[in-house]
Amino acid sequence: MTQIIIPHITQKQIVQSISDGKRLDGRGLTDYREVQLEAGIIGSAEGSARVRLGKTEVLVGIKIEVGAPFSDIPNEGVLTVNAELVPLASPTFETGPPGQKAIELARVVDRGIRESKAIALEKLCAIPGKKVFIIFIDIYVLNHDGNLIDASALAALAALLNTKMFKYQVKDGEIEIKPGYTQLPIRNHPIAVTLAKINEKLIVDPELGEEQVMDTRLTMTIEKDGKICAMQKGGSGYFTTQQIMEVAKIAQEKSIELRKLMVKG
Amino acid sequence: MPTFYENKQLVTPGDLLAEGNYVAGENAYAEDGKIYSTQLGLVDYEEQRVHVVALRAFYIPYIGDTVIGKVVDVGFSGWMLDINAPYFAMLRASDVLDRPFKPQKNDLFSIFNIGDLIIAKVVAYNRTRDPLLTVGDPGLGKITRGQIVEVTPTKIPRLIGRQGSMISMLKRETGCHITLGQNGLVLVSGKTLEDERLAIMAIRKIDQEAHTSGLTDRVTKMIQKEKGGVKHAQKDN
Amino acid sequence: MPRKTTKKLIDKNGIRADGRKLDELRPIKIEAGVIRNADGSAYIEQGKNKILVGVYGPKEVHPKHLTLLDRALLRCRYHMAPFSVDERKRPAPSRREQELSKVITWAIEPSIFLEHFPRTSIDVFIEVLQANGGTRCAGITAASVALADAGIPMRDLVAACAAGKVEGHLVLDLMDVEDKMGEADLPLALMPNLNAITLLQMDGGLMTDEFEQVVGLALTGCKQIHTLQKEALKARYIAVKKAVEKQ
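Residue numbers (the numbering used here), protein chains in the order written: chain A, 37 to 301; chain B, 1007 to 1243; chain C, 35 to 281.
Okay, chain A solo, but in the shape it has when bound (with noise of 0.2 Å):
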């Protein structure tokens, strides 16, 4: 099965809800569900972490390892991100190669990430040109209750935080592992922000019912000092100028809530 379908008359009742300034499960319009955050919890990874948010749930590893730079990039570690909807997160998943809704949940985590230059890839430049670290950044889905996408984000910059890479001195042409590591040079902290639009109405981190149910989203990744440096509106609907305007404000305060968790976890 490859569809839910969302009986009518709890659609209308998302959208009457709504309409009346709150969500079938009490929240505000503005409001996340709760979030729950573990770091380190896979020791075979060098930095992980699971977000709990309502019942979405991911967990995302970061693997690091030795290859060759880009050809135009010679003296930067590569950041590669991808995302794995498995098949146990919810009965609309597959078995196979990441199709399209995996596609851009990676790429949209990973324009966060890459445009707030979060990773100091220039740091990961062990022999220019021909060895640098490549940062391997797996989300994997494990509970599908809507809103993967700011789910992911966090989990992914959590993961970043608790990453560890061996310390190394670069000898005769070859990498040289020395005792001891170091934390994963992180110099910001993109957030990723989703607001759903239903009837006209803007709400934030939508369940997976209100998604089924939503004309359009958009999301917007804040950086540390509040620029936007990734959007992407998702979905066919469509925004007034207004309306963008609003999910960028509300996309600010809300990144300044869910950074603060980063320092608990």
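Each hint should be verified, as a subset may be incorrect.
Computed cross-link-like contacts, BS3-like style, restricted to lysine-lysine with a CA-CA straight-line distance of at most 25 Å [unchecked claim]:
| no. | chain 1 | residue 1 | chain 2 | residue 2 |
| --- | --- | --- | --- | --- |
| 1 | C | Lys-214 | C | Lys-82 |
| 2 | B | Lys-1040 | A | Lys-48 |
| 3 | A | Lys-269 | A | Lys-285 |
| 4 | A | Lys-296 | A | Lys-153 |
| 5 | B | Lys-1211 | A | Lys-58 |
| 6 | B | Lys-1231 | C | Lys-276 |
| 7 | B | Lys-1233 | A | Lys-58 |
| 8 | A | Lys-58 | A | Lys-91 |
| 9 | C | Lys-275 | B | Lys-1227 |
| 10 | B | Lys-1040 | C | Lys-214 |
| 11 | C | Lys-275 | B | Lys-1211 |
| 12 | B | Lys-1227 | A | Lys-48 |
| 13 | A | Lys-203 | A | Lys-91 |
| 14 | B | Lys-1197 | A | Lys-58 |
| 15 | A | Lys-237 | A | Lys-91 |
| 16 | C | Lys-82 | C | Lys-41 |
So the derived list for chain B, only partly shown, Cβ under 8 Å to chain C, looks like this [to be verified]:
| no. | residue |
| --- | --- |
| 17 | Thr-1018 |
| 18 | Arg-1062 |
| 19 | Tyr-1093 |
No lab work stands behind these hints, which were simulated from the structure alone. Think of the CB as a built atom: it goes at the ideal place given N, C-alpha and C, for glycine as much as any other residue.
Given the coordinates of chain A, work out where chains B and C should sit on it, guided by the hints.
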């Protein structure tokens, strides 16, 4: 003639329940004169019959059951419904239409469409065919308002309670109209969203604690506390 | 990243690299009902292994042409997360994952009353989040709990455990380095109440009498694990009952 557990004790699949002159009832099976459990549940020894009340189960259709289903497809001769069972169920157009039926797909969409919730009754089912439904009896048909909450189907008797004590209490305390589907889907329809949310909270609690005693009192107290106390965002378990 | 493997795996007192005795299982934790969307689910930690299992079904078969007319179709998929091992694993299913998916399906099939649900499918998804040897066995153990959590009727639970030979000693529950460096590794799955073995594999070399002992060792491991499976299934209900009685 040994039995190996106390009545209402928790057992797991493969547990040896009895040996000797016993008959395997629901959720139990016999092999070599021994009776084993097939489920996680509470064992019940009723004279020579051993059965298990499953704590985790999906719905298996029975003829005569009232169920709540969701239309997932409209065909030329009827509708296909998801009734939370291993098989989709069929509702024939001839069941709904009085006049001789001409297969025009438009007609059917206007009666029941994809996403509609229907209260129906199971009229036929065996292992070789999908369950067949009817909406012919009074009280059956399309649901027009309310919220749906899902419980384990085996907990429905607990929702009813002894002589209906639990369900009458729920209706009284929340002011909601509550319709129970044997397939574990429950329709809650109240005057306000708050009332409905309260009823749903209570029903979920019953689902979680169905295997304990004193439940009716505890649920009553919880509802009264919620009504009187400070309202907070619903946290479902 | 390189690993030092010059140290002995078992010292002169018969204590293994992680402090265990020869016939000791790694610490095991099993939890049922952990994935909200799944019909049944379970999570297992066995030493450093961390495995999540989700079950969907019985439900209609997709794709339709695979439908079996007289029974349910059981499909188990064993899959490792890229970050589950030292060297990142590519997400696409490897040949090893495909083989393990098959043997795991065979190991679990005899335990389920598949004939009760013709024309349906039961899908079991085993995701290895962290691996350190013996993941197919831990996967089977958790999968059986997840199936019971889904309310799927079974003849018995299936408990799985590996035993083998390392540096001349017969050991229970090999971790990764013992499997890689040892002389033999034998994963085995058992339906404990029916005393039926549903998975048996081996790589390495064992004499017949050693083989018998190793099987015996694996069987005792399975029986201990079975106790933990039952506890995990009952845990939630016992906890709820206790909390309720306290009030």
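Each hint, compared with the structure:
no.: 1; hint: C:Lys-214 <-> C:Lys-82; in the structure: holds, 16 Å
no.: 2; hint: B:Lys-1040 <-> A:Lys-48; in the structure: violated, 54 Å
no.: 3; hint: A:Lys-269 <-> A:Lys-285; in the structure: holds, 16 Å
no.: 4; hint: A:Lys-296 <-> A:Lys-153; in the structure: holds, 20 Å
no.: 5; hint: B:Lys-1211 <-> A:Lys-58; in the structure: holds, 24 Å
no.: 6; hint: B:Lys-1231 <-> C:Lys-276; in the structure: holds, 22 Å
no.: 7; hint: B:Lys-1233 <-> A:Lys-58; in the structure: holds, 19 Å
no.: 8; hint: A:Lys-58 <-> A:Lys-91; in the structure: holds, 19 Å
no.: 9; hint: C:Lys-275 <-> B:Lys-1227; in the structure: holds, 17 Å
no.: 10; hint: B:Lys-1040 <-> C:Lys-214; in the structure: violated, 43 Å
no.: 11; hint: C:Lys-275 <-> B:Lys-1211; in the structure: holds, 13 Å
no.: 12; hint: B:Lys-1227 <-> A:Lys-48; in the structure: violated, 32 Å
no.: 13; hint: A:Lys-203 <-> A:Lys-91; in the structure: violated, 38 Å
no.: 14; hint: B:Lys-1197 <-> A:Lys-58; in the structure: holds, 16 Å
no.: 15; hint: A:Lys-237 <-> A:Lys-91; in the structure: holds, 23 Å
no.: 16; hint: C:Lys-82 <-> C:Lys-41; in the structure: holds, 20 Å
no.: 17; hint: Thr-1018; in the structure: holds, 5 Å
no.: 18; hint: Arg-1062; in the structure: holds, 4 Å
no.: 19; hint: Tyr-1093; in the structure: holds, 7 Å
Checked against the numbered hints above, the structure breaks hints 2, 10, 12 and 13 and satisfies the rest.
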